[in-house]
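Colleague: Read off the chains here:
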Amino acid sequence: EDQVTQSPEALRLQEGESSSLNCSYTVSGLRGLFWYRQDPGKGPEFLFTLYSAGEEKEKERLKATLTKKESFLHITAPKPEDSATYLCAVPNQAGTALIFGKGTTLSVSS
Amino acid sequence: NAGVTQTPKFRILKIGQSMTLQCAQDMNHNYMYWYRQDPGMGLKLIYYSVGAGITDKGEVPNGYNVSRSTTEDFPLRLELAAPSQTSVYFCASRRGATSYEQYFGPGTRLTVT
Chain A
1 EDQVTQSPEA LRLQEGESSS LNCSYTVSGL RGLFWYRQDP GKGPEFLFTL
51 YSAGEEKEKE RLKATLTKKE SFLHITAPKP EDSATYLCAV PNQAGTALIF
101 GKGTTLSVSS
Chain B
1001 NAGVTQTPKF RILKIGQSMT LQCAQDMNHN YMYWYRQDPG MGLKLIYYSV
1051 GAGITDKGEV PNGYNVSRST TEDFPLRLEL AAPSQTSVYF CASRRGATSY
1101 EQYFGPGTRL TVT
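First to last, the sequence lines map onto chains A and B.
Sequential numbering of the first sequence, starting at 1, is according to our numbering.
Sequential numbering of the second sequence, starting at 1001, is according to our numbering.
If you are wondering where the hints come from, they were derived from the structure by calculation, not from laboratory data.
On a predicted model such as this, the values are computed, not experimentally measured, just so you know.
A portion of the hints provided could be inaccurate.
Derived pair list, reagent style DSSO-like, types lysine-lysine, alpha-carbon separation capped at 27 Å [unchecked claim]: (1) A:68 to A:79; (2) A:59 to B:1014; (3) A:69 to A:102; (4) B:1014 to B:1057; (5) B:1009 to A:69; (6) B:1014 to B:1044; (7) A:102 to A:79; (8) A:42 to A:63; (9) A:102 to A:57; (10) A:69 to B:1014; (11) A:63 to A:102; (12) A:102 to B:1057; (13) A:102 to B:1044; (14) A:68 to B:1044; (15) B:1057 to A:42; (16) B:1014 to A:57; (17) B:1014 to A:68.
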């Protein structure tokens, strides 16, 4: 069964304290792994797509990496404005929809 | 481009009432989706459409109906609202069969009492 699992559920960091979020997946024939950011009361906002093991994408303080079984979202020297819920997703086997993890809620305090 | 728009932003329904959540996109995307999001449960797919006139059920379709008469619009109909349908509803769109990233609307927060 296609599945996406994110850990930890919640992460509290001090400003400047780097860390990583994990997304593990089980799906046959990966067609991409997607990271989204969701602020409270808003819809998910697309961040990155990763297509193959070894690929990396960066945006400001965020860097996403992909292996054959999992993806990491590395946050370097986070700021309070990075506080949000981060979701990852993969296409289902039919390619018709995305399967989402439950997300990691990141809180960065100054 | 406005992207994906949803109306209303908030709504309170009484048990047994019906309503339609509106969703529109101006990106000429073929695929459109409806999700619900409950605290701690992640996004659950209700219905999706791969083009005008074509719809299919997702993971949690019971109690909902959809139609897709145009490329731009994908309304979600709730018949006989129940407290279990209290949730935040998101509409999303995707360009086509070989492009998997989805773009989301701002959501509708629905409470059924």
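Colleague: Checking one constraint from the list: CA of residue 69 of chain A to CA of residue 1014 of chain B, max 27 Å. Satisfied?
Modeller: violated, 45 Å
Colleague: When you check the alpha-carbon spacing of residue 1014 of chain B and residue 1044 of chain B, does it fall within 27 Å?
Modeller: holds, 23 Å
Colleague: Straight-line Cα separation of residue 68 of chain A and residue 1044 of chain B no greater than 27 Å?
Modeller: Cα-Cα ~25 Å, so holds.
Colleague: Next pair to validate is residue 102 of chain A with residue 79 of chain A; report whether the Cα-Cα distance is within 27 Å.
Modeller: Answer holds: residue 102 of chain A to residue 79 of chain A is near 23 Å, not above 27 Å.
Colleague: Measure nothing beyond the straight line between the CA atoms of residue 59 of chain A and residue 1014 of chain B; if it is 27 Å or shorter, mark the hint as holding.
Modeller: violated, 44 Å
Colleague: Is the Cα-Cα distance between residue 1014 of chain B and residue 57 of chain A 27 Å or less?
Modeller: violated, 46 Å
Colleague: With the threshold set at 27 Å, check whether the alpha-carbon distance from residue 68 of chain A to residue 79 of chain A stays at or below it.
Modeller: Roughly 30 Å between the alpha carbons, so the hint for residue 68 of chain A and residue 79 of chain A is violated.
Colleague: Are the Cα atoms of residue 69 of chain A and residue 102 of chain A separated by 27 Å or less?
Modeller: Distance ~17 Å between residue 69 of chain A and residue 102 of chain A Cα, so the pair holds.
Colleague: For the pair supplied as a hint, residue 102 of chain A and residue 1057 of chain B, confirm whether the alpha-carbon distance does not exceed 27 Å.
Modeller: holds, 21 Å
Colleague: Holds or violated: residue 102 of chain A with residue 57 of chain A, Cα cutoff 27 Å?
Modeller: The hint holds at about 22 Å.
Colleague: Would you check the hint for residue 1009 of chain B and residue 69 of chain A, treating anything up to 27 Å between C-alpha atoms as holding?
Modeller: This hinted pair is violated, its Cα atoms lying about 38 Å apart.
Colleague: Given the hinted pair residue 1057 of chain B and residue 42 of chain A, is their alpha-carbon gap at most 27 Å?
Modeller: holds, 25 Å
Figure legend: structure checked against the earlier numbered hints; hints not met, in rising order: 1, 2, 5, 10, 16 and 17.
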